[in-house]
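Fit chains V and R to the known structure of chain W by using the hints.
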Amino acid sequence: MNWFWYASPQTFDPLAGRMAPWFAAAAAALCAAGLYVGFFVAPTDAQQGEVYRIIFIHVPAAWLSMFIYVVMSCWAALGLAFNTRLSGMMASALAPTGALFTAIALWTGSLWGRPTWGTYWVWDARLTSELFLLFLYLGFIALQAAIDEPRRADRAGALLAIVGVVNIPIIHYSVVWWNTLHQGASVSMTRAPTMAAQMLAGMLLMALAFWMYSIAVTLVRVRCIIRERQG
Amino acid sequence: MSDHAFYLWGAYGVTFLLLLLEIVFLLKRKRETKA
Amino acid sequence: MLDAAFCVVRRDLLLAWRRRSDVATALLFFVIVASLFPLGVGAEPNLLRSIAPGVIWVAALLSSMLSLARLFAADYADGTLEQMLLGASPLGVIAGAKAAAHWIVSGLPLALIAPLIALQYDLPSALYGVLALSLLLGTPVLSMIGAIGAALTLGLRGGGILLSLLVLPLYVPVLILGAGSVDMAAAGMGGEGQLLLLAALLVSSCAFAPWAISAALRISME
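Protein chains in written order, with my numbering: chain W, 5 to 235; chain V, 57 to 91; chain R, 6 to 227.
Simulated from the structure, these hints should not be mistaken for lab results. Take every hint as true, because none was put in to throw you off.
Covered by chain W, per the in silico footprint, the following chain R stretches (three or more residues, Cβ under 8 Å): (1) 169 to 175; (2) 180 to 189; (3) 215 to 227.
For clarity, every value in this text was computed on a predicted model and none was experimentally measured. Cβ coordinates follow ideal geometry from the N, Cα and C atoms, glycine included.
For reference, chain W alone in the conformation it holds in the complex (with noise of 0.2 Å):
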């Protein structure tokens, strides 16, 4: 098989067209069914009562953000190994889902910890790794932005991710043991009660329905930065 058959625009912009209707009704469907186990099925908490329903976004949506910037980054390396246009606009094109699943991490994770912990906001291991996990994809989009001449940009775009994803373990560990420095009585605020069945089975519904989400926004994404760039 021609791998590189798709990795043309020309050819690869009709094929998003027929993917992303599909990957869209299959994130609705399991969204639908994330939803009706996280609300219906999964049992309430002892501690913490209903709001850990909260965890049926927060994790999936964690667990999204760093999944999108390895795969940004897989498909920029690809781009700078290959010298394939295609690589590097969907590195670019899976950047602000990227930036706003990392938001919605850190939006949900702070309205957890108000009812849980007391404060909106504590300096959480992965709390504080989620933040600069966006500060790296907000400084991506950023360098694209400033660099008018698209060929740059995605090469530019294409070294940061890669010398951002091999810093993240490095950034996560030194937080993870400035934490446990700092951390004085309080416990970790993301600690999710432990895990019934259904619950679990709620969280992995909703991480499959981002993860179609994100597919098909990018595979939309992508198409509209192939058409911007043909003009």
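Chains V and R in isolation, oriented as in the chain W frame:
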């Protein structure tokens, strides 16, 4: 627990609002590039 | 290859010496920023002693970052950078040498005058050694990583601020380890672990950053 409804609705509400806004802006962009 | 490296370092140091005021202003910035914090948080000695390592490190971060924009700008403007790209010496060597010269001019002085700032913050003098050592190990990493950002944002509008946005998240591990080493030493547990990790970051950034810097330079110069 009813006071926690604010947090639940706030979290879910803003999330779906943001996702909806992303879709709306994206469809607007799609309309403009097709033109 | 080493000849090229020494040549570049000597040249950059000579150019920096001719513009001594630029170097001096960066150091002055470091001192001023560090002096601002007590005005903001109050001069209570216990508080200052506890925030001293973090404040000094953040000031060092910002000061080092401010001088990054100039790293490639002058050579880019007069065409020397293009000659470096076309020349026989590996671009990674040249890039690494420029980052090293940047460190000598902006990072090394910070490590040397940090004990003076620590004095202002009433940090116990036993910690000066750890503080200076952490800065000596950490500021080269800042120069190396910062040079990647400087190469990526070469010639862009909004360059300085964009550079900061790109580079500051990457600086986070160095900041945590650097300030953490002094905190650990202050708590009596010894900062060796953090210093060793800083040394590891130093070695790996010196090994990998020049490649990334030269890739970024080629991307920016096409």
